[in-house]
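Here the protein sequences line up with chains A and B, keeping their order.
Here the first sequence stands for residues 1135 to 1460, numbered as in the working numbering.
Here the second sequence stands for residues 3 to 882, numbered as in the working numbering.
The set of hints was computed from the structure by calculation and includes no laboratory data.
Hints should not be assumed to be uniformly reliable.
Claimed, not checked - Derived list of chain B stretches under chain A, where covered just means 3 residues or more per stretch with a C-beta under 8 Å from a C-beta of chain A: (1) 340-351; (2) 731-740.
What the hints assert, rightly or not - Computed Cβ-Cβ distance ranges for the label pairs, DEER-style: (3) His1156(A) / Asp624(B): 39 to 45 Å; (4) Thr277(B) / Thr1378(A): 57 to 63 Å; (5) Thr538(B) / Thr1365(A): 48 to 54 Å.
Predicted model only: the values in this text are computed from it and were never measured.
Ideal Cβ placement from N, Cα and C applies to all residues, glycine included.
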Amino acid sequence: MGQLSGPTDPTADAAWTPEHTHPRKGFFTDTSICIGCKACEVACKEWNQNPRDGDLELTGMSYDNTVSLGASTWRHVAFVEQGREQIAAARTSGQALVSLGMPTIGAPAPDLSPPETPEFRWLMASDVCKHCTHAGCLDVCPTGALFRTEFGTVVIQPDVCNGCGTCVAGCPFGVVERRSDGTAAPTYREGHRKGEQPPVPKRGVAQKCTLCYDRLVDDETPACAQTCPTTSIKFGDHATMVETARERVAELHAQGMTEARLYGANELDGVGGTGAVFLLLDEPEVYGLPPDPRVCTADLMTMYKRAGVAMAGMVAAAAVAFWRGR
Amino acid sequence: MANADCIILMGGNMAEAHPVGFQWVSEALAKGAKVIHVDPRFTRTSAVATKHVAIRAGSDVVFLGGLINHMLSNDLYFHDYVVAFTNAATLVNEDFRDTEDLGGLFSGFDPETGKYDNSSWAYADPTGGGVAAPAGDEHGASASARAAGDEHGSGGPALEHAGVVRDETLTHPRSVFQILKRHYARYTPEMVRDMCGISLDDFAYVAHAIAANSGRERTTCFGYATGWTQHTLGAQFIRTAAILQLLMGNVGRPGSGIMALRGHASIQGSTDIPTLFNLLPGYLPMPSVGVHDTYADYIGAIASKQQKGFWAYAENYVVSLLKAWWGDAATADNDWAFDYLPRLSGAHGTYQTTCEMLDGKVDGYFVLGQNPAVGSANGRQQRMAMAQLKWLVVRDLNMIESATWWKDGPEIASGELRTEDIATEVFFMPAATHVEKAGSFTQTQRMLQWRHQAVQPPGQAQSELDFFHELGVRIRARLADSTDPRDRPLLDLTWDYPPDAHGNPDPQAVLAEINGYVVADRTPLSAYTEMKADGTTAGGCWIYTGVYADGHNQAARRVPQGGGGVSQSQWGWVWPADRRVLYNRASADRDGNPWSERKKYLWWDAEAGRWVGDDVPDFPVDKDPHARPDPSLGGAEGLAGDDPFIMQADGKGWLYTPKGLVDGPLPTHYEAAESPVRNALYPQQQAPARVLLPRADNMEAPSAGQPGADVYPFVFTTYRLTEHHTAGGMSRWSPYLAELQPEMFCEVSPQLAAERGLENGGWATIISPRAAIEARVLVTDRVKSLTINGREVQQVGLPYHWGVGSDAVVTGDAANDLLGVMLDPNTQIQESKVASCDVIAGRRPQGADLQRLVASYQERAGVSVTTGTQLVTDPEKEGL
């Protein structure tokens, strides 16, 4: 079952032989220490030579002017302004998770005073491709342009991609996007812009974060994690990342910050857990993340079984029809 | 900062403007430190701080003064530290009168010149008089014009001698401690509430956080940026924090101090080896006409040989500097070529120079690494001034607005200037970026970090070093045959830097010259104490001596994590003498023992007879803590074993400044030059010694209580965003940065939006007595309306990164056009963090109508050139 849903080792499932396999790599993005500097967005674009995004107009959405992940924006920092009521609601919803038995390993609790800044808070969170254990984009790709790397990450080969867009629909997080030529999805409109635009490569094909595959093969840290000044974006072995994330959430709980919760760290979720895990301070929806992502292949066996039953039923019905008609 | 138990960030927005340095705050947070952000806005710093406290822009002295009062009246100050290491016990002479006695003025104010005579602020001397300044020292008008406060960047001002009178019971009514107590008594929590808009609870929270995190076991650190410096009393904002930190024992210890967060890479370096008109390298003063006419006058005025500490050896530093510049031409016979130095004839700061340009008195102007058309206060004045030049050289990475105002600036659009009428010849010279040249950056910790060149600059782009070296070569070639004595300083300059592989001067050779050397054999000096006044040593900046010790570039050291130990001593090089924490003698008690095991840093090893610890001792290394030499010995010999402040003339930390500041010996609150609020502390409304440049193109809004003040009812403040760099020269041309903050905007509270009909994402026009600009609107709870003296005060936030031009990826109206030019008399820095404005919905008028809008507001408010220029608010109540 492992290859379709539930806990598994995606690298092994992709038939990488042990001598080529590395420990699965991933991110841990701790939004509680993000300062919203967007250095990750810029470093990502610099390294991957992605073109400018957006229309160079103020969105009015706090300090977020790139709005979402897309074909040219592979790291995106969300800004959410919240008042007292929303903070209280986040604490309450988080409390429910804590009492559900979230692990509390090794929690040093030097300061038990309740956290301050209750009037208002400004959440910042750097989003990225999740590099799912069960990646919908990869599973539905008809050309083999998407593949599972030896690091357990999911990468698009732009020279293989034919731009069919199936992966766009296959991603439960809305991460993958085709780099448009300006007709289908106007995230890039040449000639309708203020200022100069760097040349736009790889038009018409699907694009997303590669977890800096080209850096990983040289044993380098991905550009975003390398540039993050506060270590909000951590990079390393996936198992270590998940462990660090669990320790951090326990630490915050011990400080009374019950609003802290993990996202993507549960291998029993609808995508088998994600390669990029997050510590959030509110419900995922607040950050524009789906609350219960589910890979389309997760239901494949059930669907096959049901289809089998249905087919058997139809065969039976046909047989009956012929038999009665005789 | 990573070692602090509590960090107060105020007058700055560290996470946004200094995101890389903020890693140390993050580290402190991770270790459990409290971080409190006191700022008019809730910023990205507030978002990750333990607590944000909203404050009315410009009221910081009230808040900090309230904290001082709280610590003094509740006996929460660090008594042993204060008695031993500060001037709390020192007596002030009988002639001193405080603001308490004079309605907001200190003694010595001259309403005619608008300047202080500081002789009445002096320490008492044993004979009953005051401890004077050395002969040739300046004060009052002349000191202010030279921004003399800047000179103390590496130590305190001079005193005639260190024979002061002390009362260590701190009870004498003329002791600094008692003066301080009386002075801050009126800075109550209620006053903080009424003037700053900070609740009693929030004030108590901050006061408790600082008190609980100071003392033997714990330390609190402050970080500030231009939110403190850019005020008419900016230096006094910082002084208030310095007093608080000295009272709490938070200077010279791990995780203590006041961090000046600099605005760009190497702004610290540009005051150490200055781009300022009033300084020579190493904070040696620029000589002045009529005051420093002879070499002896000059040397005598820098420091007295009878004062304590290392300034007493200033002559060694001066002679070495002159030898570095003029080599063999600097001899004992010609006073080391002292007369080659130009003399100041008055204030030549950037804004005075702008006024001179407007009056047609300046021919040429080099614009280097700045964009005054966008980045300087009163941008219109800047652009109109450049239009009066004969020539203008702009060296930059991009075709910035300061290079294109003559064809696409706002004044072309409004019709005030026509391109064909402008006679200025503009030269644009492409500049190399920081990765295209080698050199050093000096950051706020005084740390020099060497950058190696990554790639050659493209095309004709050049580094500053290459450009000026080549300019010097060409000018000297032109003057080679000159017999005019005025050309000798140029022709005699040592201009002999060896070329690198590309034929450009080797930057490390410049560093070696700055470091200093023995003239006879070019052996590098390893410490400034090796400098001599007999012409046998040369050195370009005495405080940097040691950076090239042993012929190695110490600034290029890059051991990961700085090696072992808390001082991270193997990363870069820190002036002076590679000391990581300044005044670190204060990390041990009077007897030389660490204040606590937890905050152990430097201590006296009695057996070895030396100061030992984790850092280079900032003290004579073998001076016993119990040494009590005759102070009249002067210099390092005169320092007692409990005088940690070795650059101060009396070896003590100065709670009270008998001299050095030109606008008062103690910080006291005055309202900003433009303010809708009355000063509730004193009859005196504004800083009496502020520098004004009244002109028709630099008019001020009426202050509270004056007719017309309600025409500009809101307070605005300017600031930076992470996504952009200052006036945008390095960021608005980068698509990746431009897309992140693409348009000029203003930030307003929901209340102000409702009052003025502003919509989120819509447009607003902001009008000041200087200009009107338009901006998109962000309505946000991050900006709060504050209750001041019982009435609501609205603040408007304006980032200042955009400018009007046609070359950048993104352009927009410039916030700095709104600002007037009113200056701090110590530093000549403009007040750009608080001013008055009105806000209306919709876009601004175009063309000539724009000026008509500004004029109609001026008319309604009755603004004239004399508005706001009255220095003393109420002479009768202020004893004049």
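| query | Hint by hint, which ones does the structure fall short of? | reply | Violated: hints 1, 3 and 4.
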